[in-house]
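Participant: Read off the chains here:
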Amino acid sequence: MSRRPPRGEYIETDTGNKVARKATLVGTQNIILGGKTVIQPEVMIRGDLIRSVQAQSSSGGAPASNTAVAIGRYCFLSRGCCLRPPGRLYKGAFTYMPLRIGDHVFVGPGSVVQAAFIGNHVHIGSKVAVGESAIIKDYVRILDGSVVPPNMVIPSFSVVAGQPARVIGEVPEGGHEAFELRDLYKTVGNNPQPAPS
Amino acid sequence: MATTSSSSKRHSILPPAGPKPPVQFSSSITIADSALLTGSHPITISSESVVHPRARLESLGGRITIGRRCIIHERSTVGAVGTSNRTATTDKGVTLGDYVTVEVGAAIEAGDTVVGDGTIVGVGCKVGAGAVVGKHCTLTPHTEIAAGDVVPDFTVVYSNGVRRPDRRGVAELRNKGQTRQIEVLRRMIPSNPAKFQ
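So the sequence lines, in the order shown, correspond to chains A and B.
So the first sequence is numbered by UniProt numbering: it starts at 1 and just counts up by one.
So the second sequence is numbered by UniProt numbering: it starts at 1 and just counts up by one.
Treat the hints as calculated values from the structure; they're not laboratory data.
Just so you know, not all the hints are guaranteed correct.
In silico DSSO-like cross-links for lysine-lysine, where the CA-CA straight-line distance does not exceed 30 Å [as the list claims (entries may be wrong)]: (1) K135(B) / K127(A); (2) K91(A) / K127(A); (3) K92(B) / K135(B); (4) K176(B) / K20(B); (5) K135(B) / K91(A); (6) K176(B) / K135(B); (7) K127(A) / K22(A); (8) K20(B) / K92(B); (9) K195(B) / K92(B); (10) K186(A) / K137(A); (11) K22(A) / K195(B); (12) K186(A) / K22(A); (13) K91(A) / K176(B); (14) K176(B) / K22(A); (15) K137(A) / K127(A).
Pairwise CB distance ranges, derived in the manner of DEER restraints [said to hold, decoys possible]: (16) V167(A) / R168(B): 20 to 28 Å; (17) R187(B) / R182(A): 34 to 42 Å; (18) S27(B) / T15(A): 43 to 51 Å.
The beta-carbon is built from N, C-alpha and C at its ideal position, and this holds for glycine as well.
Using the sequences plus the hints, can you model the full thing?
Facilitator: Here it is in structure tokens:
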């Protein structure tokens with residue numbers, strides 16, 4: 001009997017997602033990965049915290065979506081970070097709201113993200129705590145160790161730091177190219193390639 | 001053959017269990033299957049409290065008492081054996097009051113540590129051994145309370161240890177919100193208290 005190929009550290013899906021075997025994904029049926037997303041070991045995603053109060057849809061009859069966490073393309077979730085949907089009281093009842101993440105979002109090691117929305121090309125440093133229902137727009141850089149308070153709205157091209165986090169500057173002109181994560185995507189996985197120098 | 005190879009493929013997700021602590025659970029608690037309970041001293045959890053997946057309760061350093069309607073979030077550690085060389089004068093490890101929330105990744109060290117009613121221990125906080133946190137306090141993310149420190153009632157600790165009194169008077173409202181949140185979590189988290197008994 002032929003030996004099966006050695007099991008890699010990552011599971012690579014058809015759409016190019018690389019999910020570490022040691023990541024903890026709870027409620028996987030409620031997590032959507034857009035493709036080419038890297039999930040490193042010890043990452044935890046709480047997909048089981050779904051919306052318990054449905055918003056009244058004007059169209060009517062549309063199937064209620066149970067998505068708890070939706071992640072775009074080329075996102076990079078570093079080791080030990082944790083994504084969980086924000087909870088809040090809505091019309092007198094407690095419910096979790098879906099956590100939506102755009103494309104090219106980097107989440108640093110040990111960060112805890114409970115935002116409601118994260119735009120495209122966002123860089124979150126290491127050991128950051130993003131409070132519940134925060135809204136982070138495109139091209140935002142959150143420096144290491146920041147504590148983003150609940151319900152904060154961070155405008156595009158901001159640099160944010162501190163405990164509690166404040167906007168301390170803006171991304172310089174031309175600086176948005178540093179947010180590209182295509183090269184980082186290639187450096188992890190079962191047969192990683194060295195980063196282009 | 002096929003069955004044996006597939007069964008050998010399954011790896012244990014959880015680390016090998018240590019000594020199983022004696023537990024005293026109320027019948028109305030919700031405790032996730034993948035919560036980790038270790039240690040030798042008894043662990044008491046009162047009615048309607050919720051323990052999320054991957055939360056750790058360690059009773060090596062003394063008994064753990066958790067009050068009513070507490071929420072222990074994932075990856076938090078209650079009763080961690082501390083780095084500070086305090087010798088416990090009693091066998092009480094950690095005592096949590098009622099309506100306490102321990103957020104993601106927070107650590108409460110053992111050794112006669114007390115957290116009062118209605119207190120929120122934020123994301124990634126550390127509460128040292130022997131510290132006494134009062135009632136209805138808010139420890140914002142990444143706060144560290146030193147071993148043996150005393151935090152008076154109605155205190156907000158933020159921004160690396162700055163303290164201010166909380167005069168909003170929202171303790172009652174917060175307790176109501178916690179009750180609603182627990183109602184939702186009971187439906188979402190599959191409870192398995194029998195595993196620990």
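Participant: If a hint holds in the structure, say so; if it doesn't, say that too.
Facilitator: Going down the list of hints, with the structure as the test:
1. For the given pair, K135(B) sits about 28 Å from K127(A) by alpha-carbon distance, which is consistent with the 30 Å threshold.
2. Distance hint between K91(A) and K127(A) is unfulfilled; the C-alpha atoms sit about 33 Å from each other, more than 30 Å.
3. With a C-alpha separation of about 19 Å, the suggested pair K92(B) and K135(B) falls inside the 30 Å cut-off, and the hint holds.
4. Distance check on the hinted pair: K176(B) and K20(B) sit about 34 Å apart at the alpha-carbon level, beyond 30 Å; violated.
5. Pair hint K135(B) plus K91(A) holds up; C-alpha atoms about 28 Å apart against a cutoff of 30 Å.
6. The hinted pair formed by K176(B) and K135(B) meets the criterion: a straight-line CA distance of about 16 Å does not exceed 30 Å.
7. A threshold of 30 Å between alpha carbons decides the hint, and for K127(A) with K22(A) the separation of about 20 Å falls inside it, so the pair holds.
8. Proximity of K20(B) to K92(B) is assessed by CA-CA distance (about 18 Å); at most 30 Å being required, the pair is judged to hold.
9. Between K195(B) and K92(B) the alpha-carbon distance is near 24 Å, which keeps this suggested pair within the 30 Å criterion.
10. For the suggested pair K186(A) and K137(A), the alpha carbons sit about 26 Å apart, so the restraint of at most 30 Å is met.
11. Distance hint between K22(A) and K195(B) is fulfilled; the C-alpha atoms sit about 23 Å from each other, no more than 30 Å.
12. Of the supplied pair hints, the one linking K186(A) and K22(A) holds, its CA atoms being roughly 19 Å apart against a limit of 30 Å.
13. At most 30 Å may separate the alpha-carbon atoms for a hinted pair to count; K91(A) and K176(B) meet this at roughly 14 Å.
14. Between the alpha carbons of K176(B) and K22(A) the distance comes to roughly 37 Å, so the proposed pair goes past 30 Å and is violated.
15. With a CA separation close to 20 Å, the supplied pair K137(A) and K127(A) stays within the 30 Å bound.
16. A C-beta distance of roughly 25 Å is found between V167(A) and R168(B), which places it inside the suggested range of 20 to 28 Å.
17. Between R187(B) and R182(A) the CB atoms are about 41 Å apart, so this pair conforms to the stated range of 34 to 42 Å.
18. Distance hint for S27(B) and T15(A): a CB-CB separation of about 45 Å, consistent with the stated range 43 to 51 Å.
Hints 2, 4, 14 from the earlier list are contradicted by this structure; the remaining hints agree with it.
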